[in-house]
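Engineer: Okay, here's what each chain looks like letter by letter:
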Amino acid sequence: MIKVIGCLLIIVGCTFVGFMYGEKFNKRVIQLNELDKSIIQLKNEIVYIYTTLPNAFLNVSKKCIYPIGSLYIDARNMLVNNKVDSVYEAFELSIKKNEDKLYLNDNDIKILSDLTKNLGESDIEGQINIFELTLKNLEKQIKTAESLKNKNLKMCRYLGFTVGAVIVIILI
Amino acid sequence: MVLKILILIRKHFTYGLRGGYKIVVNIEYITKILPTKIGKDLKKNDSLNKLQEIRIKINKPIIYEIGMKEMISSYIVNQDDLKVILQRMSEFSIYAFEEEIKRGYITIKGGHRIGICGRCVIEGNRIKTIRDIASLNIRICREILGCSNRIMPYIIKNIYVNNTIIISPPKCGKTTLIRDIARNVSNGIEKYGFKGKKVCIIDERSEIGACYKGVPQMEVGIRTDVLDGSPKSEGIMMAIRSMSPEVIICDEIGTYNDMDSIIMALNSGINLITTIHGFGIEDLFRRNVFKKLIDNNVFKKAIILNNKNGVGTIEYIYDFDKKNKLEVN
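Same order as they appear, the protein sequences are chains A and B.
Mapping of the first sequence onto the numbering used here: position 161 corresponds to residue 654, and the numbering continues sequentially without gaps.
Mapping of the second sequence onto the numbering used here: position 71 corresponds to residue 72, and the numbering continues sequentially without gaps.
Since the hints were derived computationally from the structure, they do not count as laboratory data.
Possibly wrong hints are sitting among the right ones.
[What the hints assert, rightly or not] Going by beta-carbon spacing under 8 Å, a handful of chain B positions derived as facing chain A: (1) V85; (2) E92; (3) A97.
Ideal placement from N, C-alpha and C gives every residue a C-beta, glycine not left out.
All chains, please: the whole structure from these sequences, using the hints.
Structural biologist: In structure tokens:
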């Protein structure tokens with residue numbers, strides 16, 4: 494009886510790990526899409542309403558799901574409280590703070606960092622160009638992330654179950 | 002506890018009393034945009050409630066104008082300091098202040114105006130923007146509640162308001178005075194049986210009402226609407242159409258378009274209180290641009306300011322009907 498329960502636990506545990514690992518690909522796609530949406534909202538706030546960045550970040554954060562919303566609100570708080578001297582610095586710290594909840598890879602983060610280096614530092618035409626470039630790059634990242642997800646999500650799930658089953662067979 | 006509260010209040014606002022007036026200078030918004038080192042340097046000075054200007058230039062010491070004195074700091078400003086100030090005063094959003102930068106200044110929260118100097122970028126004979134900003138002049142906005150009380154009997158007549166012009170050289174307190182006049186006209190003065198009027202302030206440079214997100218932070222009265230950031234000529238017309246004011250108040254008129262709008266406002270039965278740069282009533286008569294106003298007998302009273310006995314000294318009041326100078330009681 495104990496053997497059966499043990500075997501079941503191993504299989505369930507390994508399958509769970511497989512699901513968890515596979516979920517990373519899924520969550521990256523969700524977060525990249527959310528980031529894309531938030532940047533479009535930010536563009537609208539800046540280009541059409543001329544909202545200042547701290548207020549724009551606040552407005553965008555209200556419309557975004559966690560943890561993308563947290564990136565904006567944390568950066569906003571740092572700017573408003575004079576904890577930093579630039580938008581780039583605020584986002585660097587904000588990304589670090591929310592690191593454990595983010596499933597974005599280094600290239601995704603680099604796109605966001607490049608945007609924040611130029612955010613607010615030019616006239617409206619300059620801002621439009623920066624947004625266009627960022628959205629184009631993000632689109633590429635989303636496509637890559639989606640193909641990775643399609644390739645790896647099921648594989649990770651099956652692999653988890655298979656590894657569990659193999660361990661059980663070896664043990665028996 | 003009481004001491005703590007008092008320290009907190011002092012930290013945020015510096016109050017002073019001069020001749021029974023209440024002076025309110027909000028230094029907090031200035032220190033908020035300054036880098037820590039400059040902020041500390043500023044706090045070394047005494048009498049911050051008399052602070053008038055902070056002049057900041059790259060590779061030069063900071064100059065504080067406190068009252069009538071000039072204090073030169075030992076701190077030399079560097080490029081990074083200026084960059085930080087620029088970022089903070091524009092709320093990290095240069096694009097949102099494009100128009101203000103073209104005009105050479107930004108008004109920050111608290112109504113303080115920061116003048117900008119650098120290299121102008123020209124496009125089609127017009128200034129497109131200012132780049133390589135190398136010097137700033139922070140002009141401190143102060144509110145003196147009650148400073149217009151003495152001259153109100155000359156501005157109001159029974160239940161009416163006289164069309165009034167304030168003539169003053171720069172830094173003699175005309176904006177402060179016009180703001181307090183707006184407050185008195187809007188709230189009404191019980192002593193004279195004068196009920197408040199609907200006032201509209203056309204605040205082109207956000208100095209009178211010091212609006213932040215559209216809300217005036219200065220005391221401008223309960224019946225006052227502020228059209229913030231609007232050019233005077235367009236603002237006057239817009240106010241007539243939209244807010245049905247009884248009195249329009251604006252600062253520093255000087256273009257032919259302004260004059261046309263003023264005449265239009267008077268034709269609509271609206272009273273006007275405004276200011277111009279100058280040293281005496283002669284300046285109004287001498288300048289061609291004001292000819293239309295003189296010919297139309299627009300103004301009833303002119304208040305002439307100087308700073309001989311301190312900022313806001315009333316030199317004399319001119320009566321356009323009697324064509325003579327009046328003594329201020």
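Engineer: For each hint, tell me whether it holds in the structure or not.
Structural biologist: Going down the list of hints, with the structure as the test:
1. V85: 5 Å, holds
2. E92: 4 Å, holds
3. A97: 5 Å, holds
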